[in-house]
Amino acid sequence: MRLNHLFRDFDPTTRRNFVTGAAKGLLGLSAMPWVTRLANAAEKKGVVPLKPARARNVIYLYMAGGMSHLDTFDVKPGAATQGPTEAIGTKADGVRVSQHFPLLAKQMDKVAVINSMNSNQGAHAQGRYYMHTGYQLRGTIKHPSLGAWLEKMRGRVNTTLPGHVVVGGGANTASNGFFDASLTPLPIGDPTAGLSNSHRVEHVSAERFEHRIHRLEQMNEAFRAKYDARQLKDHAKVFEEAIKLMESKDLEAFDLSQESDAVRASYGDGRVGQGCLLARRLVERGVRFVEVVSGGWDTHSENFDRMGDLCPPVDRALAALLADLDARGLLDETLVVLATEFGRTPDIVTDRNLGRNHYPKAFSCLLAGGGIRGGQAYGKTDAEGRNVIEDLVGVQDFNATIAYALGLPLEYEVYSPSGRPFKVAHDGTPVKALF
Amino acid sequence: MRQYFLSLLTTLALVGWLSSVSAQEMEDDGMSMDGGGMEADVATVNFEQQILPLLRESCFECHSDAKRKPKGNLRLDGKNWILVGGKTGTSVVAGNPGKSPLLGRSSLPDDHDDVMPPNGEVFETEQLQLIARWIKEGADFGDWTGKAGVELPNPTRNDASVATTDPFASYRRIGERLNAAPATAIAKATEAGARVSPVFPGSPLLRVEFASGSDSVTDASLKALAPLRRNIAILSLRNTAITDAAMAEIGRLANLVRLEIPGTEVTDAGLRTLAKTKLPELAILNLYGTAITDAGLDQLNYPKLAKVYLWNTKVTAPGADMLGKRLPNCRVIWKRELPAAKAREERGDGKRNRKKKKN
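Which chain is which? The protein sequence lines are A and B, in order. Counting in our numbering, the first sequence tops out at residue 457, every number present. Counting in our numbering, the second sequence tops out at residue 636, every number present.
What the hints contain is simulated information worked out from the structure, not anything from laboratory work. Watch out, some of these pointers could steer you wrong.
[As the list claims (entries may be wrong)] When the alpha-carbon atoms are kept at most 16 Å apart in a straight line, the in silico EDC-like pairs for lysine to aspartate or glutamate are as follows:
1. K619/B with D283/A
2. K73/A with E355/A
3. K619/B with D291/A
4. K113/A with D131/A
5. K383/A with E406/A
6. K584/B with D354/A
7. K113/A with E614/B
8. K271/A with D492/B
9. K553/B with D575/B
10. K555/B with E526/B
11. K584/B with E355/A
Let the sequences and hints guide you as you build the complete structure.
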């Protein structure tokens, strides 16, 4: 765990610096002024005006890099902008997808496609940040992403497991923002590797481990009595939870080897497939929000070749995930999202072996389960996929739709450390026609 | 062109006749109507002799158990099937031909997309008039019952159809007649390992979950729920150690909407015990991963049941079909359609691409 680092960094700094500096930088704890503390207290009293929720959990597939809408879910057969990608029919009348999604096509009766997504952020970091938080990236504040909002407002279902998890993402996507450090997502790099550092090392016996923890507690106790700071409590909480998880049967949720080879192969053996399988296992045990990141969608060059590599693992993973959730009775309460930061230019760049560049003006996302009415395509772009001509869905609206499904109050304001009010989906309006 | 005129005339004639019928609604002696040109034949229409042959000849091909999935989920081969109706609700409203889709759909112009029977095999005007008269006279089936297999829902049928689309409508409705559960009872249940939360904020109805996969959750764990009986709407016991013995207690949860017992030791015997209990609100029953067989399902008949999960049980395909037929408003999930495992060429994940980009 992080204990070693903690002590290593402990010596050269003063105690006070440890509180304000090391804890902040090393552990990601941010100073929580009285405003937020009041807000927290209010929430504990049940003042957060939560609403009926259709969805309880979210599995959020994120296509990092910007997924081409024309080559996936907004196909325009015959248009000059379509290139060689072909359209295929699906199980849902009137919904077509590209040739790269033959497996998902059979599950499209469960999926709502939004073809009228629109963002104003055309660069990766900015677009990604906007999709995850509903706010624009700026230097003065870090906004929480949807998973953190959900955990903050709804709490955890299973208190042993982390409230929200990011698979294969790195730290720059989901974040607790200005919320407590305890709302930081648990990052998992390789879904097949289990939860790293979660087992007691062999040469330390259970007794000895307990003894060490006890000793640590004694030291901390004195320290905490002297410096009564919120960050310290946050850290203690994270630490305590980690130990609880180490000893828990729930830990096996992370162990994909408990799934049969057939099932694992069915999800696909890449990171997305195994990530989705892990997501299912976690949601089944009460983790609220799992993001699975698929990288490499930034197809400036060789767009059409690369779509043939990028799409099939996602096609397979998502098709398997939907079928699996459905058979287990989990799809009713699990909102499955496929999102990306922007689409790609309808105009094909010929000097880079047929590439496509960034295009936030129009792109596509998917929603399924969690009360979403499947088998529908919402919103339209023009004949060449250039502009949204019907039912525009902005990034904030998209997030508002997710929040609405989860019963999170869209108007409820939470204050940042600097005292500014923020809302779960900013000023977005949910697309109720999707339910 | 000629055909169009003919169909127009037919429709006009029928519409005219229907309105003449409604104009006479105020008359106290219904028998005195002349039936739009028909002679004063006062004998009431006999369903079995006059209507049934029409249905058999023109409708049964698609709307009977001859099809695994009758069109529009509508069967016309039994009295109760006709009254229950299909996807869009009842097909016959006794006494009201104008509100009976059976007549409405058949009276559309011949070239209308939705006209029944399809493919140009439409009813003759006289036949339509006969059906209209039969409905007007109260849609009496006489002694005929036809194929069984469906129980007539109670008069609160509207609620049932709402429950399938929006569980919150039923949570709200049920919640209105309940008081909040006492905090001490909730605390007691929590102590016994249950996670208790309202189904939505402010609702007296509760969701009660036990940790999935926990061996320590047994039949005895349910005892702590007794004081909450009326308040529990969702009970989740996924992969716990409960057995058939728990079913009687579960059957006492009068307002249970969703029951999840997948992966438990529950068997046919337990399911039969459960089926004997009255769970008037039960909409979702999750049994996947249990050892349930076809035999366990035969007694299952809750009025509002909308979904039954049977994947990975010993229930056979025909057994699942039978249940779906017996409960036409209920979706039976029997299969898990995972994509067939395939080859390694699907790996990708953009690794190759990322390398390329560095160049």
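We went through each hint and held it up to the structure:
1. Of the pairs offered as hints, the one joining K619/B and D283/A holds, with about 12 Å between alpha carbons and a cut-off of 16 Å not exceeded.
2. A distance of roughly 15 Å separates the Cα atoms of K73/A and E355/A; the hinted pair therefore holds under the 16 Å criterion.
3. For the hint pairing K619/B with D291/A, the CA-to-CA distance comes to about 10 Å; that is within 16 Å, so the pair holds.
4. A hinted pair counts as satisfied when its Cα atoms are at most 16 Å apart, and K113/A with D131/A qualifies at roughly 6 Å.
5. Between K383/A and E406/A, the direct Cα distance comes to roughly 13 Å. Compliance with the 16 Å bound is thereby established for this hinted pair.
6. With a C-alpha separation of about 11 Å, the suggested pair K584/B and D354/A falls inside the 16 Å cut-off, and the hint holds.
7. A C-alpha spacing of about 13 Å is found between K113/A and E614/B, which places the hinted pair at or below 16 Å, so the restraint holds.
8. Taking the CA atoms of K271/A and D492/B, the gap is about 10 Å. The hint holds against a cut of 16 Å.
9. Taking the CA atoms of K553/B and D575/B, the gap is about 11 Å. The hint holds against a cut of 16 Å.
10. The straight-line distance between the Cα atoms of K555/B and E526/B is roughly 12 Å, inside the 16 Å bound, and the hint therefore holds.
11. At most 16 Å may separate the alpha-carbon atoms for a hinted pair to count; K584/B and E355/A meet this at roughly 14 Å.
Taken one by one, the earlier hints all hold for this structure without exception.
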